[in-house]
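Participant: Each protein sequence line maps, in turn, to chains E and B. Per numbering that gives the first Met the number 0: the first sequence = residues 0 to 198. Per numbering that gives the first Met the number 0: the second sequence = residues 0 to 198.
For the record, the hints were derived by calculation from the structure and aren't laboratory data. Computed from a prediction, not measured in an experiment: that's the story for all the values here. The C-beta atom is built at its ideal place from N, Cα and C for all residues, glycine as well. One thing to keep in mind: the hints can contain errors.
If the Cβ cut is set under 10 Å, some of the chain B residues that face chain E in the computed set are [to be verified]:
1. Met-7
2. Phe-30
3. Gln-41
4. Ala-44
5. Arg-45
6. Ile-140
7. Thr-151
8. Tyr-155
9. Ala-157
10. His-159
11. Gly-177
Coverage of chain B stretches by chain E, computed from C-beta distances (three or more under 8 Å per stretch; other residues unrestricted) [stated by the list, open to error]:
12. 12-19
13. 60-69
There are 2 protein chains.
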Amino acid sequence: MAGITVSMEALVSEFKRLPGIGTKTAERLAFFILQSSKEQVQALARAMIHVKETIGFCKICNNLADEKLCTICQDPRRDNGFLCVVEHPRDVAAIEKAGGFHGVYHVLLGSLSPLDGVGPKDIKIAGLLERVRTGRFHEVILATDSDTEGETTALYLAKHLKVSHVKITRVAQGLPMGSHLEYADQATLARAFEGRREL
Amino acid sequence: MAGITVSMEALVSEFKRLPGIGTKTAERLAFFILQSSKEQVQALARAMIHVKETIGFCKICNNLADEKLCTICQDPRRDNGFLCVVEHPRDVAAIEKAGGFHGVYHVLLGSLSPLDGVGPKDIKIAGLLERVRTGRFHEVILATDSDTEGETTALYLAKHLKVSHVKITRVAQGLPMGSHLEYADQATLARAFEGRREL
């Protein structure tokens, strides 16, 4: 960023090193920092370092956790009969925000991607199979992404979970709410028709 | 953010306190921090605090500066005959990025806004008038924003700079490059016609 001080340039390049942050966003964030009070910036810096120092993965479900277990696995009000399998901790956050699901989770910390050399041993599948085998789940809901890797992972899991004689479901695929049918891609439209329900 | 740890929630709320950062962006940034290495996060935290500790305003032009003078006022290659007046340091950054202007700047650190009680004494106008009076500028380019406050400020400055018998110009207003005429608002279209040039 020409015309700006050395310390601002340094801040912009530190922001740019974060995953998914480009030049424009980094510059915008640097100006946000500049406009904030010194106390705000110090509190933010502390919170950032604190997160990196304290956060680990839940021993049961691999969700993010400050302690041994995540807040969900610690919560006695959750329904241990329903297990939702997701790829990432941010998926847990999204589902919790949507509300409606009151069971527990299993976070795979990735998805199967043979092309990238990610096989079943590279993500948390063994723990899931063991957990389902020894647990008393009524239903395992496969909520991996709807992309190639997520679909592959769901198919793989469905196949290997069958031996546990548990009900296995996959989240519905179809038109996103509020979207227009004419703008939907072919694959989504096909799924929307396949998965149609009687009213 | 439900389903997420206490330390992540704390980080999200710190991000949300930054000006212009909403919940979605704060959550996205918190996950970026989480995905980054400890070293990256520490370097970022240091750079943030360093910016707040070192940055002040240039004694000549009010641009951001790590030292007494900003990098532009320190640069002997800049053309001291041309003075560009802007509202904020981020405007300097934008103009420098676009390239093409090789003169020096004066940053007002705001714009006149009678409705918000911001008068000529609340922004860096006195210093500008003095600088133009005693300096040897060929031209003063008024590059305040094209909104009501920016226009008001430009008109005010034009009136008060006239006594210095310097050439005063205003940046062109019209259709943004790459835009479609049919989507332009009426005010912009009117300006585009007013400011038309013979080819």
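Participant: Now look at each hint and say whether the structure bears it out.
Facilitator: To see whether the hints hold, each was checked on the structure:
no., hint, verdict
1, Met-7, "holds (6 Å)"
2, Phe-30, "holds (5 Å)"
3, Gln-41, "holds (6 Å)"
4, Ala-44, "holds (4 Å)"
5, Arg-45, "holds (8 Å)"
6, Ile-140, "violated (15 Å)"
7, Thr-151, "violated (23 Å)"
8, Tyr-155, "violated (25 Å)"
9, Ala-157, "violated (24 Å)"
10, His-159, "violated (26 Å)"
11, Gly-177, "violated (16 Å)"
12, 12-19, "holds (count 6)"
13, 60-69, "holds (count 5)"
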